Structure formats: C-alpha cells, structure tokens
Amino acid sequence: MLGFHAKLAKLRGAKKVIMIEINDNRLETAKQFGGVAKGALTELDTNYIHYNGLWIYGHYGSNSMQVQKSFELAISDEFEAEKFITHILPLSEINKGIALTKSGEAIKVVLHPNDQ
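Residue numbers for the sequence shown follow our numbering, so the first one is 1 and each next one is one higher.
I should point out that these hints are in silico values taken from the structure, not numbers from a laboratory. Here the structure is a predicted model, which is why all the values come from computation and not from measurement. Don't take each hint at face value.
[Stated by the list, open to error] Ranges of calculated distance between the beta carbons of each label pair, as one might list FRET restraints: (1) Glu-72 x Tyr-48: 30 to 38 Å; (2) Val-110 x Leu-54: 30 to 38 Å; (3) Glu-43 x Ile-75: 35 to 43 Å; (4) Lys-15 x His-50: 17 to 25 Å; (5) Lys-102 x Asn-52: 35 to 43 Å; (6) Asn-52 x Asn-114: 52 to 60 Å; (7) Pro-113 x Leu-54: 40 to 48 Å; (8) Leu-111 x Lys-15: 30 to 38 Å; (9) Lys-96 x Tyr-51: 44 to 52 Å; (10) Gly-104 x Leu-44: 21 to 29 Å.
[Stated by the list, open to error] Pairs of lysine-lysine residues, derived as PhoX-like cross-links and limited to a Cα-Cα distance of at most 25 Å, are as follows: (11) Lys-83 x Lys-16; (12) Lys-15 x Lys-69; (13) Lys-108 x Lys-96.
The beta carbon of each residue, even a glycine, is placed where N, CA and C say it ideally should be.
Start from the sequences, fold in the hints, and give me the full structure.
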C-alpha cells in the first residue's frame, strides 16, 4: 500500500511525500510511484516540524467511510488502481495470495470468486 498512499497523498495536494518500507520488493514497487531510491537519505529538521506546527502521519487500518472513499477513488479516472495489482488468483488459491502479501512479494492480490 505504500505506493497507493503516496499517490493518494499527491492527488490530495501533498507537495512532498516521504515513504518508509523495510521490504526491498515493496520498496522497488513504491519507487514507480514516486518513492526515493534505496540508500537515499532524507533528513528531517525536527525543530522546523515542531515550530511550524507540522504533522507527520502514520497509518494502519481504515474505517468504513475510508474504505468507501478508497473504492470511489479506485474506480475513478484520476487514479490508475490497476498498477497496484501484482497478482490475480482464483479464490481457491487464497492461501497463496495471503502468503504473497505477507512476504511482501505482492502489493495487491485480486481473487476471482469463480476460480477462473
């Protein structure tokens, strides 16, 4: 989701997005969406952040309203959601999809309910 959130932040007007990822495969994919190259460091001036009232957000999880907005964005013309789909599997291979996601090899896995 790293690249997804970076793209979303840019669509909502963020001038600079800083992404952090510990999985090299996911980081490589994130670079396609504006991520910084491995080894490149970005220094943060914490005094500037503090005295200018800036916020740094982290995120994990979502509520139903956020899911709805994400769905609407995913089907809109302004966001190329298909770029985030790395694997398409039949529903019978759900465990493989979970393993791909946990390993960091997959960004998004689409499961077909009719095993096609």
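Against the structure, the hints come out as follows:
1. Glu-72 x Tyr-48: 30 to 38 Å: Holds - the Cβ-Cβ distance for Glu-72 and Tyr-48, about 35 Å, lies within 30 to 38 Å.
2. Val-110 x Leu-54: 30 to 38 Å: holds, 37 Å
3. Glu-43 x Ile-75: 35 to 43 Å: holds, 39 Å
4. Lys-15 x His-50: 17 to 25 Å: holds, 19 Å
5. Lys-102 x Asn-52: 35 to 43 Å: holds, 38 Å
6. Asn-52 x Asn-114: 52 to 60 Å: Because 53 Å falls inside the window, the suggested range holds.
7. Pro-113 x Leu-54: 40 to 48 Å: holds, 44 Å
8. Leu-111 x Lys-15: 30 to 38 Å: At 36 Å between Cβs, range holds.
9. Lys-96 x Tyr-51: 44 to 52 Å: This hint holds: roughly 50 Å between Cβ atoms.
10. Gly-104 x Leu-44: 21 to 29 Å: Hint holds: Cβ distance 25 Å, inside 21 to 29 Å.
11. Lys-83 x Lys-16: Holds: Lys-83 and Lys-16 sit about 21 Å apart, inside 25 Å.
12. Lys-15 x Lys-69: holds, 21 Å
13. Lys-108 x Lys-96: holds, 12 Å
Checked against the numbered hints above, the structure breaks none of them.
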